[in-house]
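There are 2 protein chains.
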Amino acid sequence: MTSTRTAKKTTYVIGVDFGTLSARAVLVNTANGEVCATASEAYPHGVMEELLYADDQVLPPQTALQDPSDYLFVLKKTVRKVMRQSKVSANDVVGLGTDFTCSTVLPTDAEGNPLCSKLEFQCEPHAYVKLWKHHSAQPEADAINKLAAQLGEDFINAYGGRYSSEWLFSKVLETLRKAPRVHRSASRWIEAGDWIVWQLTGRESRSVSASGFKAMRVVDRPNSNHADYPSPNFFAKLHPRLAGFVETHLTAPHLAPGKCAGHLTKEFSKCLRLPVGLPVAVGNIDAHAAIPACGVGEPGRMVMIMGTSSCHLLLAKAGRRIPGVCGVVRDGVVPGLWAYEAGQAGVGDMLSWYVDNALPAEVFAAARRHESGVHGVLSDRAEQLKVGQSGLLALDWWNGNRSVLMDAELSGLLIGLTIQSKPHEIYRALIEGMAFGTRKIIEAFTSQNIPVREVVACGGLAVKNSFILQVYADVIGRPIQLAAATEASALGAAMFGAVAAKVYDNMGAAVRSMTQAPIKVFMPDRQRHRKYTALYEEYTQLHDYFGAATGSIMKRLRALQRAAL
Amino acid sequence: MTSTRTAKKTTYVIGVDFGTLSARAVLVNTANGEVCATASEAYPHGVMEELLYADDQVLPPQTALQDPSDYLFVLKKTVRKVMRQSKVSANDVVGLGTDFTCSTVLPTDAEGNPLCSKLEFQCEPHAYVKLWKHHSAQPEADAINKLAAQLGEDFINAYGGRYSSEWLFSKVLETLRKAPRVHRSASRWIEAGDWIVWQLTGRESRSVSASGFKAMRVVDRPNSNHADYPSPNFFAKLHPRLAGFVETHLTAPHLAPGKCAGHLTKEFSKCLRLPVGLPVAVGNIDAHAAIPACGVGEPGRMVMIMGTSSCHLLLAKAGRRIPGVCGVVRDGVVPGLWAYEAGQAGVGDMLSWYVDNALPAEVFAAARRHESGVHGVLSDRAEQLKVGQSGLLALDWWNGNRSVLMDAELSGLLIGLTIQSKPHEIYRALIEGMAFGTRKIIEAFTSQNIPVREVVACGGLAVKNSFILQVYADVIGRPIQLAAATEASALGAAMFGAVAAKVYDNMGAAVRSMTQAPIKVFMPDRQRHRKYTALYEEYTQLHDYFGAATGSIMKRLRALQRAAL
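If you read the protein sequences in the order shown, they are chains X and U.
Mapping the first sequence onto this note's numbering, position 135 (from 1) lands on 135, and the numbers just tick up by one.
In this note's numbering, each residue carries its 1-based index in the second sequence increased by 565.
Hint data in this document are derived by calculation from the structure and do not stem from the laboratory.
Keep in mind it's a predicted model, so treat the numbers as computed, not measured.
In silico DSS-like links for lysine-lysine, alpha-carbon gap of 30 Å or less:
1) U:K1120 / X:K422
2) X:K422 / U:K698
3) X:K266 / X:K9
Quick list of the computed label-pair ranges, beta carbon to beta carbon:
4) X:K178 / U:G938: 43 to 51 Å
5) X:S22 / U:E927: 24 to 32 Å
6) X:A534 / U:Q622: 33 to 41 Å
Selected chain X positions facing chain U (in silico; Cβ < 10 Å):
7) L359
8) V387
9) S390
10) L392
11) A394
12) W398
13) S421
14) P423
15) I426
16) L542
17) F546
18) M554
19) A559
20) R562
21) L565
Where a beta carbon is used, it is the ideal one built from N, C-alpha and C, also for glycine.
Model the full assembly from the supplied sequences, consistent with the hints where possible.
Quick look at the structure:
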């Protein structure tokens, strides 16, 4: 226990994790991190991908919108529920933290009212929240990348070489091009994670994390102490109406994670039944909030959040530009350290695809007698195989490649198929492909002298399938710890709330008090690691051949596909 | 009708097709080719792959043996059955022809008695028939290829550059190495197709076709009229005990297809209940017998026999060495023309693998309401797709590659997979991969100025699935005719019997009288052909990258697989 604890009375913090389909709130004991109550609630309007509910208009492909009023609705429902469940007195709650999917952005007026809440914009899709997985702004992302390369803008290096269609400016430019009226009426463009904090506190602030990882804000150029957005020249060239955009639409204090962004307003105090003036932490990115909850507050331990996709986060003392790593931000997760983010676009998604589209009935039949279902049957069988025995190898790009190639147009590949190939062999090859992809990410870090000593895994896929973690450990040749936290992001948000409330002086202290040791450690088997290294050489050859920026067959197949449709 | 017909009385010929698991006999009207009766019968001992039935000894991997007494058993059963069914008088049967899987070989004594029929060899696997798909002689094939390259033997060019483990000398050398006692006791090594004719007629003869396509006999060196086996020097270097082997073990008249090999013996006359002295055609290869039955007796029309694997046969006026084409034999199918054979090792096999190992239950459920089962459902759905729409592409090497790369170590590849990929898209990609493979074979011919104007398809897969034939036609840009004959090999064997019996002077005349027009023609769609050509360029790039003789990832994966086991 640390000397920074300020009270002997038991106090609590609330963390709210805003996900893609729902939000989860946790009520956490500040002394030991015990989660006393949990509540989750789906967004009433979900994700609008095909129809806009206001007028049932058909939305274009790759659209993914949300209604920000949903966020307030689920916030109220879940916070009230954890309070009710736990029977904790509101006066014992000392802080509140949130985290949000990112980059999930919306246009608002100067007071923070979403444009889509105004009658005139109700039927205008571009006035709504564009969710992280809204992917129709690829032409805009392409324009940004082209211009950034022309002008030699530094931010593009911090982003590993490519700005994504998922991120703020791609979406802003798309709105400007397709719905100029929305653009004219927007006084602010803001991450939903910052917007919710603005609502709670009545004060606009920006998280250095979201701005640094998604909005072109370069927190620190090498060997300087400067933090800035790209030059006005860049924005003016991108679109004349974006000249001066940063100064008018993004101004607000930029705060590091764990900083107090403000205090709960009277209105929200009533609505949430929490004390007026409760400290509220600055907004945060969902994956990033998980890091301290996994017990990580220091360099060298990579956190891997494994769900439908996976996110790799690493703290380090040095800030470097690493090709293929999506972002690097000083103070991005823990003040005083650089945070790196990399990722794999298809992980759980890819295994689900396999089970839904390529798994014979026989395995489903066997799964009826297995407590872990088809994944249990496949894992049990796959575990019996020796490394290399199936002769199969996969490039794990079913959703494109995020790190280290950053190319959404890449696709999955399976090689070595014969008429003897069995389903569990394919399943294992897919998992090995994912693990080889993670090894590529680790090597991107270590090749730049950013150390990765061990890996801490969290997320649904990590919790459910220990076979996967053992394969990963064997492939990367490092121990993998399975984090104790099951709702890591929500717990992390609460921990940031505790720091914002000054229950702890800093996140390191919060980590020491509020997290538990990993529940399991998967040690790499030396012999399997050696054999995997031989297989990894083949993976690398395929990776480099098909991932080459120009002339990739995969990209030409995508082009033929588009031409066919 | 042709002037060569010799009798007004209705006469009949019998064709017997010896397949892998069973034999089929047909009784055919010589005037019009009408099949009056059909009978099939499985070999009692089937294929011995795991156990030798004589003593239940466990057989090594890749073994595939048969008992030659089974051939006599099914011959008797099926011939008697067609006679009984048709009520045709034995005196109206004027000829008999057979065809056989190839290269399916056995060692015999000087009288043609199989060594495995002798008590001392009953428990010796190497004394049995080694079926075409007995694949354990790969080290011997490798030794042959190495030596042939060293000595610059011409036969290897006629075989497209590689001698197969399936063929006679690989199996002879394997026996010599592993069972020298069998080798010492063998006075003859003979194709089962020639052996059955020896049994029927009491006279040993050899088909120029089997010797030319499988036994290193080069029927005609370019610009010469010479026909010969490799030099004694070659055999002596291959193994000292093979010096003089050709002269002692293979001597017998070599006869072109349709020649009369002899006449039915008294013993077999009784056994088959057919006239003594009935003309019996020289032995033939099963796929080759199908050619005239498909109505093909002239250059430029490629016959494609589509089953678990597929065989491509082409007649031409010129004899050339074509890299990747398994064989070229003068008079090999029709006297006066050169016959070329190429093939794809996995076709129906690959689709069966897909259905058994990677097809979800949903498609099976839909197939309950479809008269053509899962293949019907998949074909109907796949037919709706546009060329290139799935973004998928397959290398069709699930069984290795026969033509034009001749490498059994290659394996299947699927590229372009995404979490949107659907089963019927994969199914279509597999079929397109097979069609691209056939296009490669056609281009191997046309690049050497051997014309391929159109394709005639026969075999189970062709009959069952018209979607496949349309894809092939679109990919190769040539019409594909579906042959009328359903048991093409057996009908062809009967036609060769008719020529041997001099009902017709030559095969051309038999083809004109005894075959029907194709039942359906699949015309290539010009637009789809153009789009497929773009996709074929990508196939070619993958084909050349992964098919390269040295450094192929596929071969290294096989090596890792062997090391793991």
